[in-house]
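Spelled out, the chains give:
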Amino acid sequence: MSDHTSTTVRPEVEAFVAEVRSRLADLSADEREELLGGLEADLSEQIADGATDLGDPWLYAAELRAAAGLPESRRPRVRLALPRLRMPSRTEVLEVLDDARREWATLVDRHEAGRQAWTVAVALRPAWWVLRAWVLVTALDVAAGPWEAVSMVPTLGHPLVGPALLLAAVVASTLIGLGRLWPASGPDRLVNARLALLAMNVAAVVGLLAFAPIDEPGYLSWQPRNVDSVSYVEEVGPRDGLRVDGVRVTNLFVYDAEGRPVQGAQVFRPNGQPLTIDADQAWTGRGDERTVGCAWTSGTTPLFNVYPQPQRRQRRGACADVTPEQGVVTAAIPPFAQVPPVSSPLPLDPTAPTPEPETDQPDPDPAKVGGAASERPKTRQE
Amino acid sequence: MDTTQLLKGVLDLAVLAVVDDEDGYGYDVLRRLRAGGLTEVGDASVYGTLRRLYAAGALTSYVVPSDEGPHRKYYGITPAGRDQLARQTKDWHTFSDTVTDLLQGAAS
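In the order they appear, the protein sequences are chains A and B.
Note that my numbering gives residue 14 to position 14 of the first sequence, counting from 1, and the numbers run on in steps of one.
So the number in my numbering is just where the residue sits in the second sequence, counting from 1, plus 1000.
Read the hints as simulated data drawn from the structure, not as lab findings.
Just to be clear, a hint being listed does not mean it is correct.
Stated by the list, open to error - Chain B stretches covered by chain A per the calculated footprint, using a threshold of three residues with CB under 8 Å from any CB of chain A:
| no. | segment |
| --- | --- |
| 1 | 1022-1029 |
| 2 | 1034-1047 |
| 3 | 1052-1058 |
Glycine included, C-beta positions come from ideal geometry on N, C-alpha and C.
Turn these sequences into a full structure, and let the hints steer you where they fit.
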């Protein structure tokens, strides 16, 4: 019997054997023990005798397993690709990150253009730090509170909070970029720090892409819908149609000076343009409750500035559309049968004829829905 | 010459021979194989083979405690192992003679 050498187990051997052990995790404890029982000691002695490289633990485990006559690992041996069937160990994650970094470096280095582009990108790093801080604070702004246009400086309600928070975020982002604040940039960090940094940068890029469409006129808005008070997201154009305080007006009810409802009031703006509620704006409610406003006509031409617009039940489309479930056109229900009579502020007799319209206004064309009114109705708007 | 394929065929035989000569622990067996001329043999293969032969009953094992450093698992040969060694030695000689003849016949 030869003398056994007493050897201490070195840390790299321990790590190596731990990796091999992890690759044999699908075996029973007994089998594993038989294979690994003396391995640490043997490897340490091999190194003591001058072996330089322990090699790849995965290949070692495979060879060990094969020589021992045990079945191949039941888990797929995916070396570097991300999806695994178990939680990757720290070393594996670090290897992936390091390898990715190396791959990127070689790729960039391959062409002169790549190298120059990379030097520019590296010089622009501070700009990225500022940008990702802005993205973070703007994301908070969008997520919290009522919507407003994405602007240079997030407002977050109180006027001072936004800029202060932005400044703090920029400082923090810069410190992270410089390496002074966790998770800190640079290749020599621990696994958690590197993953956190990666996640932060990815989130910033995603946020940036998400905000890009918002600067255009067709932006998202939350608006409370009319009577139902159901709030949902609606894509609107540049606020078309008749609106009051941002709320769409769907019909107008006109009462005269004695307080009696007026039918067929034709409404115009001072510049001669008709005040219309167009077909695509003249609807209320949803589903079975939905009604649309129908236009008065001059001959065959529909006029959308004549009020009140009668209603028809229609699940979709406008009054002029022919739909299968056409209802009957009914008079719109006015909010009041009668309102109190009013007096004009004009010192003259209110029933006297109104002043002549300006002569340089062309006579209104029914097609354009213009016309002189003989009386100025007092309109009551919703 | 790449002896990996050749080694795979005779590793059992070589390991049995070494252990038959004298009991040894994993690295000890490996060292002796290499010292005997099989410089290419991989340590994982040897350790795995030891385990397989043990599981097959050709080898027995026992742990030798130590005051300093780790305990060592020593392997020794069993009667069944000796039988296998004798049998495979004979097979090997037959085989190698056959191949030698074949090569000589081809060379001439």
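How the hints compare with the structure:
1. Interface restraint, the segment 1022-1029 of chain B with chain A: holds (7 residues with C-beta to C-beta distance below 8 Å; minimum three).
2. Residues of the segment 1034-1047 of chain B lying with their CB closer than 8 Å to a CB of chain A number 6, which satisfies the three-residue condition for coverage.
3. Counting residues of the segment 1052-1058 of chain B whose CB lies closer than 8 Å to any CB of chain A gives 3, so the stated coverage by that chain holds, three being the minimum.
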